[in-house]
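Number of protein chains: 2
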Amino acid sequence: MKQTKGAIAVSSSELVEMVSQQLQTLLIAGSYDAVKILLEPVQPVDIAEAIGSLPRTVQALAFRLLRKDEAIEVYEYLDASVQQTLLERLRSGEILELVEEMSPDDRVRLFDELPAKVVRRLLAELSPAERRITAQLLGYEAETAGRLMTTKFIDLKEFHSASQALAIVRCRARDTETVYSLYVTDRSRHLTGILSLRDLVTVDPDSSIADVMTREVVSVSTDTDQEEVARAIQRYDFLAVPVVDREQRLVGIVTVDDVIDVIEKEATRDLYAAGAVQAGDEDDYFQSNLFTIARRRVVWLLILLAANAGTSAVIASQQAVLKEIVLLSAFIPLLIGAGGNVGAQSSTVVIRGLSTKRIQNLGVWRAIWRESLAGLFLGLLLLIGVLPWAWQIGGSLLVGAAAGISLVAITTLAATAGAALPLLFDRMSLDPALMSAPFITTATDVVGVFIYLQTASWLLVHFRFH
Amino acid sequence: MKQTKGAIAVSSSELVEMVSQQLQTLLIAGSYDAVKILLEPVQPVDIAEAIGSLPRTVQALAFRLLRKDEAIEVYEYLDASVQQTLLERLRSGEILELVEEMSPDDRVRLFDELPAKVVRRLLAELSPAERRITAQLLGYEAETAGRLMTTKFIDLKEFHSASQALAIVRCRARDTETVYSLYVTDRSRHLTGILSLRDLVTVDPDSSIADVMTREVVSVSTDTDQEEVARAIQRYDFLAVPVVDREQRLVGIVTVDDVIDVIEKEATRDLYAAGAVQAGDEDDYFQSNLFTIARRRVVWLLILLAANAGTSAVIASQQAVLKEIVLLSAFIPLLIGAGGNVGAQSSTVVIRGLSTKRIQNLGVWRAIWRESLAGLFLGLLLLIGVLPWAWQIGGSLLVGAAAGISLVAITTLAATAGAALPLLFDRMSLDPALMSAPFITTATDVVGVFIYLQTASWLLVHFRFH
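Residue numbers (UniProt numbering), protein chains in the order written: chain A, 1 to 466; chain X, 1 to 466.
Only chain A is shown next, with the shape it has when bound in the complex (with noise of 0.2 Å):
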């Protein structure tokens, strides 16, 4: 968690643009000092995105004119691109400080960025106890609680007083991610409790620490998936939430702000799931290339082609009953666009549902069925538009009865597939946001043509319309 530090309100974006333009201005005529003036009250993330909108040759230039514990705070905020840009253009006495001086949470960040060869330099020339502590987290799973904390925190011992604990928080307040939160820990670093800055102010400085702080807290380990630490601290409204290994040792924290970051991932990861777009490491889709672009949207589109592909079969196979009547093709696409919207609706809400937990009350079964009944009652609704439509256009009753029969069939299939299969792949431990909507639509194409062409089909034969 970052100290605040002012800005005046205007859109950032807007503002971010006047900084660094004025920036680049001042860096060229050479006014140094003029910059320190114009950066002064300016936050340290818009620093770091106007001194990353700058040419790269004055990249370095721009950072060296920043107070030294704010240039470790603006780095932090950097664009990897940048932060490596930087590595390469600053004395290597400049970096090592830098590095030395980061959060461990963010020197991490920055080292699954970096080649293997530099970080392997980076960290032989860290201080033991830093060098330590970086290695230690870089041991943890990638998206755990272990890489997401910070092991900057305020411990307190049980024995203490209030006074003797503000004294503590006083000390090490420049040195620590957060002092609103303080963890108590025994002799063997297992943590006993928690308390609040706000509750050490209030209490009577000679109380004693395990008199005042809570008793029982909500931990997670080093190896939690990072969105259940998100859902903790979402759901409690902590400001942080303590790390414990297996030995319930207290080795970290993670702080309400990195926490905000990754609910906007998942989010970011679930909306591209939607779209069949391959979310990536960084989530910077608009500053890839073209061919990163091409990999990440490809896969997906020849999985879903394949798909397709099965459906041009289904139809070529179906060809007498198209031969005898060509305007029933005029509502395959209907039909199946149908099914798909319905269907894409159906698995929309269950994802959501399953990465919210706002569908665990409900249980499988019965939000199943009740996506089923709605998609066969959503099927006739619309039945009563199509019926006449394709009665009309397809020119005979035969049409406007094939449509009107697999309109409803594929509407109720497509919202129990909706529903069931990204349920079921929550069931299996996969990812229930590959059964979103795309693969939902396609796969309706196939039935849904199938169910079509048959239905007429076998009207034709026995009812001889026409």
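It is worth saying that the hints were derived from the structure and are not from the lab.
A couple of the hints might just be wrong.
Quick look at which bits of chain X chain A covers, simulated, 3 or more residues with Cβ under 8 Å [stated by the list, open to error]: (1) 82-90; (2) 122-129; (3) 252-261; (4) 314-327; (5) 332-339; (6) 352-360.
Simulated crosslink set (DSBU-like; lysine-lysine; CA at most 30 Å straight-line) [to be verified]: (7) A:Lys357 x X:Lys265; (8) X:Lys357 x A:Lys265; (9) A:Lys265 x A:Lys117; (10) X:Lys68 x X:Lys152; (11) X:Lys117 x X:Lys68; (12) A:Lys265 x X:Lys265; (13) X:Lys157 x A:Lys357; (14) A:Lys152 x A:Lys265; (15) A:Lys265 x A:Lys357; (16) A:Lys68 x A:Lys152; (17) X:Lys323 x A:Lys357; (18) X:Lys357 x X:Lys117; (19) X:Lys357 x A:Lys36; (20) A:Lys117 x A:Lys152; (21) A:Lys117 x A:Lys68; (22) X:Lys357 x X:Lys265; (23) X:Lys152 x X:Lys265; (24) X:Lys323 x A:Lys323.
Ranges of calculated distance between the beta carbons of each label pair, as one might list FRET restraints [unchecked claim]: (25) A:Leu434 x X:Glu100: 32 to 40 Å; (26) A:Asp225 x X:Val299: 17 to 25 Å; (27) A:Lys36 x X:Leu114: 24 to 32 Å.
The structure displayed is predicted, hence computed values, not measured ones.
Beta carbons: idealized from backbone N, C-alpha and C, even for Gly.
Given the coordinates of chain A, work out where chain X should sit on it, guided by the hints.
Just chain X now, kept in the frame of chain A:
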């Protein structure tokens, strides 16, 4: 922001279920003291959920057993429907005390859900101070900072010393939403600076607030959209952001915990739009009945159906070429499917880019141009698979050529439209999410079928294939 209180770390849904079952058994047995012991270590949000899952008849009974200060917190976490049940079952004195003690922001959220008659009665019975605050908050438009904020914050004066300020914090800690962000105002309540409790405990106790506060403050105004408030807190890693009125007077603060819920709600809204589901007020799809569900889905389905009816009309108008070569129809689903998927991908990344503000750096025209190129490139990649398949299944070079040519045209157009339409909507200050995957997919259908059958007719006439 709530104060931390413990609960042993098990999965929250298991915990809630366990608590709920034990609670019900104990209530039926009349062991009220055991209920108090059971609930002592449980977090308020978990108690709220456990009470919500009890039969309606015993909810009020369980609620009455809570300690008074805890009852208010639990009440704030209850679902709107359970809050209403309790209002009907508690005595009017109990209700009044409850509503009087709630945070203003949570009270406003409750009043939003209650019938106007009940709100008027409750408002009349509130103390003058709370009535004034509530009426003021209810006056702001929904989904703005004014509606989201709380008026319970700590304001200091510049002439206070750090130790005086700390005394004020101590004294008002119980009655305020957060003690970690402190605000400095002048005599006419204009916001002149901010400081954090972290700053306050670390500075010399004799220094004056004027010397230690930050004068440039990021603030939002009462009519700022809640999504922008969320972006500000997320961007700057704040715990709270001050809200000022038109005269720059400090009127409230929005805290990070409320902002997390906004971020999740906005993500749900975007995801629902991507699945052609209308998002409800309270986002609780799984608690609404079948007719509410149908109402939230049928409007989009009808709009999309109307567009699909256009596709039928296009095919019907081109039936001459279909009569000539029936197998052309076999590739209609494949072509519009591929185009729809590429268009859905483009609209997904653009809409997400707009809502996370990542697209702004790129510029509108470059974003569209990149997507068009991506569409062309992806079309050419898919062509490698489609051409031989269409030639073979279609049984003639004409079908293969028509399918291949139109495939590339359709994917390019779909990607362009998928990027351009959300951006156009954003420019026109409409919600870009309306131009999400389902709409783009359906629009692609009409145009795609037209291009395909026109290409086939043209090839048939000019090259005498067959």
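Structure-based check of each hint:
1. 82-90: Violated, because only 0 residues of the stretch 82-90 of chain X bring their Cβ atoms closer than 8 Å to Cβ atoms of chain A.
2. 122-129: Violated: only 0 residues of the stretch 122-129 of chain X have a Cβ under 8 Å from chain A.
3. 252-261: Result for this restraint: holds, n = 5.
4. 314-327: Since three or more residues must qualify, the claim that chain A covers the stretch 314-327 of chain X holds, with 7 doing so at under 8 Å.
5. 332-339: Since three or more residues must qualify, the claim that chain A covers the stretch 332-339 of chain X holds, with 6 doing so at under 8 Å.
6. 352-360: holds (count 7)
7. A:Lys357 x X:Lys265: Given pair Lys357 (chain A), Lys265 (chain X) holds - Cα atoms ~13 Å apart, limit 30 Å.
8. X:Lys357 x A:Lys265: 13 Å, holds
9. A:Lys265 x A:Lys117: 28 Å, holds
10. X:Lys68 x X:Lys152: Holds. Lys68 (chain X) to Lys152 (chain X) sits at ~19 Å (cutoff 30 Å).
11. X:Lys117 x X:Lys68: 27 Å, holds
12. A:Lys265 x X:Lys265: 14 Å, holds
13. X:Lys157 x A:Lys357: Violated, at about 45 Å.
14. A:Lys152 x A:Lys265: Cα-Cα ~24 Å, so holds.
15. A:Lys265 x A:Lys357: Distance ~17 Å between Lys265 (chain A) and Lys357 (chain A) Cα, so the pair holds.
16. A:Lys68 x A:Lys152: With Cα atoms ~19 Å apart, Lys68 (chain A) and Lys152 (chain A) stay inside 30 Å; holds.
17. X:Lys323 x A:Lys357: It is violated: about 52 Å lies between the C-alpha atoms, which goes past 30 Å.
18. X:Lys357 x X:Lys117: 42 Å, violated
19. X:Lys357 x A:Lys36: 28 Å, holds
20. A:Lys117 x A:Lys152: 27 Å, holds
21. A:Lys117 x A:Lys68: Distance of about 27 Å is within 30 Å: holds.
22. X:Lys357 x X:Lys265: At roughly 17 Å apart (the allowed maximum being 30 Å), Lys265 (chain X) and Lys357 (chain X) satisfy the hint.
23. X:Lys152 x X:Lys265: It holds: about 24 Å lies between the C-alpha atoms, which stays within 30 Å.
24. X:Lys323 x A:Lys323: 7 Å, holds
25. A:Leu434 x X:Glu100: 32 to 40 Å: 50 Å, violated
26. A:Asp225 x X:Val299: 17 to 25 Å: 37 Å, violated
27. A:Lys36 x X:Leu114: 24 to 32 Å: 55 Å, violated
Comparing the model with each earlier hint shows violations of hints 1, 2, 13, 17, 18, 25, 26, 27; every other hint is respected.
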